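Undergrad: Next come the chains, spelled out residue by residue.
Protein chains: 6
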Amino acid sequence: MFFNAVRVNGLPCKDAKDVSVDDFFLAANLDKPMDTTKSKAGSNVTLINVMKLAGLNTLSISMARIDYAPKGQNPPHTHPRATEILTVLEGSLYVGFVTSNQANRENKLFTKTLNKGDVFVFPQGLIHFQFNPSYDKPAVAIAALSSQNPGAITIANAVFGSHPPISDDVLAKAFQVDKKAMDWLQAQFWENNHN
Amino acid sequence: MFFNAVRVNGLPCKDAKDVSVDDFFLAANLDKPMDTTKSKAGSNVTLINVMKLAGLNTLSISMARIDYAPKGQNPPHTHPRATEILTVLEGSLYVGFVTSNQANRENKLFTKTLNKGDVFVFPQGLIHFQFNPSYDKPAVAIAALSSQNPGAITIANAVFGSHPPISDDVLAKAFQVDKKAMDWLQAQFWENNHN
Amino acid sequence: MFFNAVRVNGLPCKDAKDVSVDDFFLAANLDKPMDTTKSKAGSNVTLINVMKLAGLNTLSISMARIDYAPKGQNPPHTHPRATEILTVLEGSLYVGFVTSNQANRENKLFTKTLNKGDVFVFPQGLIHFQFNPSYDKPAVAIAALSSQNPGAITIANAVFGSHPPISDDVLAKAFQVDKKAMDWLQAQFWENNHN
Amino acid sequence: MFFNAVRVNGLPCKDAKDVSVDDFFLAANLDKPMDTTKSKAGSNVTLINVMKLAGLNTLSISMARIDYAPKGQNPPHTHPRATEILTVLEGSLYVGFVTSNQANRENKLFTKTLNKGDVFVFPQGLIHFQFNPSYDKPAVAIAALSSQNPGAITIANAVFGSHPPISDDVLAKAFQVDKKAMDWLQAQFWENNHN
Amino acid sequence: MFFNAVRVNGLPCKDAKDVSVDDFFLAANLDKPMDTTKSKAGSNVTLINVMKLAGLNTLSISMARIDYAPKGQNPPHTHPRATEILTVLEGSLYVGFVTSNQANRENKLFTKTLNKGDVFVFPQGLIHFQFNPSYDKPAVAIAALSSQNPGAITIANAVFGSHPPISDDVLAKAFQVDKKAMDWLQAQFWENNHN
Amino acid sequence: MFFNAVRVNGLPCKDAKDVSVDDFFLAANLDKPMDTTKSKAGSNVTLINVMKLAGLNTLSISMARIDYAPKGQNPPHTHPRATEILTVLEGSLYVGFVTSNQANRENKLFTKTLNKGDVFVFPQGLIHFQFNPSYDKPAVAIAALSSQNPGAITIANAVFGSHPPISDDVLAKAFQVDKKAMDWLQAQFWENNHN
Chain A
1 MFFNAVRVNG LPCKDAKDVS VDDFFLAANL DKPMDTTKSK AGSNVTLINV
51 MKLAGLNTLS ISMARIDYAP KGQNPPHTHP RATEILTVLE GSLYVGFVTS
101 NQANRENKLF TKTLNKGDVF VFPQGLIHFQ FNPSYDKPAV AIAALSSQNP
151 GAITIANAVF GSHPPISDDV LAKAFQVDKK AMDWLQAQFW ENNHN
Chain B
1001 MFFNAVRVNG LPCKDAKDVS VDDFFLAANL DKPMDTTKSK AGSNVTLINV
1051 MKLAGLNTLS ISMARIDYAP KGQNPPHTHP RATEILTVLE GSLYVGFVTS
1101 NQANRENKLF TKTLNKGDVF VFPQGLIHFQ FNPSYDKPAV AIAALSSQNP
1151 GAITIANAVF GSHPPISDDV LAKAFQVDKK AMDWLQAQFW ENNHN
Chain C
2001 MFFNAVRVNG LPCKDAKDVS VDDFFLAANL DKPMDTTKSK AGSNVTLINV
2051 MKLAGLNTLS ISMARIDYAP KGQNPPHTHP RATEILTVLE GSLYVGFVTS
2101 NQANRENKLF TKTLNKGDVF VFPQGLIHFQ FNPSYDKPAV AIAALSSQNP
2151 GAITIANAVF GSHPPISDDV LAKAFQVDKK AMDWLQAQFW ENNHN
Chain D
3001 MFFNAVRVNG LPCKDAKDVS VDDFFLAANL DKPMDTTKSK AGSNVTLINV
3051 MKLAGLNTLS ISMARIDYAP KGQNPPHTHP RATEILTVLE GSLYVGFVTS
3101 NQANRENKLF TKTLNKGDVF VFPQGLIHFQ FNPSYDKPAV AIAALSSQNP
3151 GAITIANAVF GSHPPISDDV LAKAFQVDKK AMDWLQAQFW ENNHN
Chain E
4001 MFFNAVRVNG LPCKDAKDVS VDDFFLAANL DKPMDTTKSK AGSNVTLINV
4051 MKLAGLNTLS ISMARIDYAP KGQNPPHTHP RATEILTVLE GSLYVGFVTS
4101 NQANRENKLF TKTLNKGDVF VFPQGLIHFQ FNPSYDKPAV AIAALSSQNP
4151 GAITIANAVF GSHPPISDDV LAKAFQVDKK AMDWLQAQFW ENNHN
Chain F
5001 MFFNAVRVNG LPCKDAKDVS VDDFFLAANL DKPMDTTKSK AGSNVTLINV
5051 MKLAGLNTLS ISMARIDYAP KGQNPPHTHP RATEILTVLE GSLYVGFVTS
5101 NQANRENKLF TKTLNKGDVF VFPQGLIHFQ FNPSYDKPAV AIAALSSQNP
5151 GAITIANAVF GSHPPISDDV LAKAFQVDKK AMDWLQAQFW ENNHN
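Chains as they are written, first to last, in my numbering: chain A, 1 to 195; chain B, 1001 to 1195; chain C, 2001 to 2195; chain D, 3001 to 3195; chain E, 4001 to 4195; chain F, 5001 to 5195.
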């Protein structure tokens, strides 16, 4: 299966005697700017999770570098199995998350503009985004997540770009647009900005 | 705060000597059809969580009845803190969920048509929906969730109906529609089908 | 081994690419009345756990339908690894649980009569029962449990019907009856009302 | 409330600056033989849990000394929130536990005679007992449990000695004895062998 | 008390209606070089944990910036409640950890030299260090930890600089030096390189 | 790998039908005095963990007997994955632990002299020790730990006796002694007092 707890069990565990330092190391190049031009969203997420770094298995943490083109964004998404903490290395970011349904808490949006060195928390499972408001400068962030396999669900991709597509009977009513508009949305190319 | 683990701590705990059977009981009327006409989605979710039934505190479970009008749906949503298991009491349901981003697993849609008595699982944090395909018959389901405070994020509401709205700079690019279309979407009344 | 945490690890996990929608679906017939006449207790529990529905693995939830004959019961039992939440679909139930030993809490019995649509919680590991007080009407409940493998220990069966039997030296003193009475108890046929 | 997770939250936590070494220490006299004559079962359990030793709060462990008279026992019981590990300090013990219902695992009894220095494990939530087979020698054990508030449910006491009693409609059928026998059982004095 | 699980409960939780975006934000200045000259170790750790950023409560993650002077180090230490993942922003680091006692695993040292952009994992509770091998260049790292309150135990400080000091009867034999050497060690000023 | 969570998954789990009582039993001889003369520290730890008693797998508990020669000690060490609770069977012990770095909690030492029957708690991951202050009497303790694979890190051994040794560039500055003193320390024979 493909969610955290099962991955934890599903991934092989080496016998202690076979473990080496390289199980805990990755030459991840997180210092290198990544190409943000291939993604319509204008961002690029390099996530170091247990699939890339076996030593993370069961240790409930992972790390990512995120590059943002000018006016680029890491579009609204969730991590089904993790909270995210983020700091800005370059440029600035307009970030936000939306609370879940609860008595007197109907989808409240919390936003903040982050400058270099600021820290922000996105609680587990909530829809959140980061946007680079600059017209000319890129932005870079380092994020950490509270799972070795946090997963990511980019809302637009999962809703309009799934394989196969979600029935437009469902989506047209859910998003209150006519089927033609929905078909047009589904006809877009929904790429993934995650490495 | 407003997410599970904190709710657990945040909710008061009675001293043992003050606990009574009524802390574990709720006259929830889960046998009664609920009104599905007030929701554009044509559904009504009655969730019995720790805010309604104090004895659930820390016990990692809750239960819900879901009513679906003909052609009604419980639109694409996630539970940030719970897996859901569901069985159909009346009618039939077309259900599905979308997997998260993972190597070779780009947003795969899994769907099934459920008849009375069938059981289906929606893994934690994944976007899922239930749709009543009938033109004339209502449907009813009983669901259980693996948290006393699972939370629910209705995607369309959280993305297009948050308070305040998400900047259309963000949404227009994220959903690849022009700002006018986005403003129109945001102008809809996004109500909540959860009780 | 045979208890939850080990089952979680002990059950095979499919590689993501081999998972299909049928791993999350079961045609469980929870809408169908089950035969309550084969059980002396006059009840029948149909539990959908990870052994029947592989997709539940690690997801900490399961669901059951319970049928009760008139004057039938789900006799005193515990779930070693789960809390139970229950709602009544048909008829009514007299339910209860007994608290564990604690300062000033010596085995206090909490009971309630549940009608259709009511919800009740049985906290993890506590001895509980459901009894159908009606002379002529069956009762039906849907329950959910906070483990994919909650286990069930029917007290009378485990104490008097184990294989091999518990020494009557132990039981006679524990239950304060003479060995003859104990031997008679152990001679009963202790069947299991769980499917 | 009165079960583990809630106790954890329910118990007050001192501010770091107010903590002293005495929060982690108890003059528990676990070296002293305890009186086993007051209990019909012929045993005495001295449990050091979070109610007695505040520093255990949230640390998921507790410890007990158990004294057994000749032919005395710690009668069939469960710990709803803990596994138990036990070693024999004096004498010998005949111990056992009964597995929960599972496919092909109907209430299997596992037993062993333990001598001084032996170690045995009783998995979480399973019914277990310890019996001193000697006609003339006491026995002593040290046990540890995987919760700061494991709880204990002595089966006979909880079933036949609860306050108020469980309806004999329920018990007579559950234990397959007539109501007169059940009333006699319930008329016994069911004391608690736990300190 | 003063360790993680208790802090989680011990820290106040706001009511949902009182939460604001500032509970999830900190102007932490993680982009600014920190002064490494005040610490004999030649390093400076700026940890953003739940005491500084309340929104982290219960979310099991925290983040830190670490500055290293030329030849400076983050000396051997442990995090009693967290795994650490680290990436190098500037310069290079020689890092290592020592495994715990286990069959055939007697305190094996694993080391690696990290360059900019490399990622390394220090498993929970193991003694680890980072050392800047450069004679003239500072180094900078960003680390994340799998607890909102990971704690840090700098070995030399805790062993030789505790308040009050550990008895030199204990330390002299533990470290196999004479008491005079031990008294000299304890006479050093053991400062803390953590902010 | 070689730390707890992975061990849990890494260790094989038997199929229920293959489990026998011997998976839960060990003739551990915890009643027998162990030889404390082979260890310079003058102590001997006999730990019953999941590697010795397979039935402990996933059950989060283990048990140990510790023997102390006159003036012997269990030198400063940590358990990376467990809290320890201890009671004294013979003699007396001077015990202590050092708190982790936290605001206003710089490495505070908590100590107590324990007599027979006293109980003490060493919170997870903190450096602690036990010392037998008697010139002529041995001491014996029984301890329990909140993991089936708690691990143990003897500070002096891990820091000065690792394989290979930690660079004396690192240690000399960390411990503020010259390299010659450090080389002398590393030249000692660092044996392990754990069985």
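Everything labelled a hint here was simulated from the structure, so no lab data went into it.
Hints are supplied without guarantee of correctness; some may be wrong.
Lysine to aspartate or glutamate pairs mimicking DMTMM-like chemistry, simulated, CA-CA at most 25 Å apart [unchecked claim]:
no., chain 1, residue 1, chain 2, residue 2
1, F, Lys5071, E, Asp4169
2, D, Lys3112, F, Asp5022
3, A, Lys137, E, Asp4018
4, D, Lys3116, D, Asp3031
5, A, Lys180, B, Asp1183
6, E, Lys4038, F, Asp5178
7, E, Lys4180, F, Asp5169
8, D, Lys3032, F, Asp5136
9, E, Lys4040, F, Glu5106
10, A, Lys17, E, Asp4031
11, D, Lys3112, C, Asp2168
Covered by chain C, per the in silico footprint, the following chain D stretches (three or more residues, Cβ under 8 Å) [unchecked claim]:
no., segment
12, 3066 to 3076
13, 3085 to 3095
14, 3134 to 3146
15, 3152 to 3161
Since the model is a prediction, treat every value here as computed from it, not as a measurement.
Ideal Cβ positions, reconstructed from N, Cα and C, are used throughout, including at glycine.
Undergrad: With reference to the structure, classify each hint as holding or not holding.
TA: Hints, verified against the model:
A threshold of 25 Å between alpha carbons decides the hint, and for Lys5071(F) with Asp4169(E) the separation of about 9 Å falls inside it, so the pair holds. The suggested pairing of Lys3112(D) with Asp5022(F) holds, with an alpha-carbon distance near 9 Å, which does not exceed 25 Å. Proximity of Lys137(A) to Asp4018(E) is assessed by CA-CA distance (about 36 Å); at most 25 Å being required, the pair is judged violated. Pair hint Lys3116(D) plus Asp3031(D) holds up; C-alpha atoms about 16 Å apart against a cutoff of 25 Å.
Restraint check for Lys180(A) and Asp1183(B): satisfied, since their Cα atoms lie roughly 18 Å apart, inside the 25 Å limit. Using a Cα cut-off of 25 Å, the hinted pair Lys4038(E) and Asp5178(F) holds, with the two alpha carbons roughly 20 Å apart. As the CA atoms of Lys4180(E) and Asp5169(F) are separated by approximately 24 Å, the hinted pair is consistent with the 25 Å bound. Proximity of Lys3032(D) to Asp5136(F) is assessed by CA-CA distance (about 23 Å); at most 25 Å being required, the pair is judged to hold.
Using a Cα cut-off of 25 Å, the hinted pair Lys4040(E) and Glu5106(F) holds, with the two alpha carbons roughly 17 Å apart. Pair hint Lys17(A) plus Asp4031(E) does not hold up; C-alpha atoms about 40 Å apart against a cutoff of 25 Å. Restraint check for Lys3112(D) and Asp2168(C): the C-alpha separation of about 16 Å stays at or below 25 Å, so the hint holds. By the rule of at least three residues with a Cβ nearer than 8 Å to a Cβ of chain C, the coverage given for the segment 3066 to 3076 of chain D holds, with 4 such residues.
Under the rule that three or more residues need a Cβ within less than 8 Å of chain C, the assignment of the segment 3085 to 3095 of chain D is violated, with 1 such residues. Here's how the segment 3134 to 3146 of chain D fares: 0 of its residues keep a CB closer than 8 Å to some CB of chain C, so the rule of at least three is not met and the hint is violated. With 10 residues bearing a CB less than 8 Å from a CB of chain C, the segment 3152 to 3161 of chain D meets the requirement of three and the coverage assertion stands.
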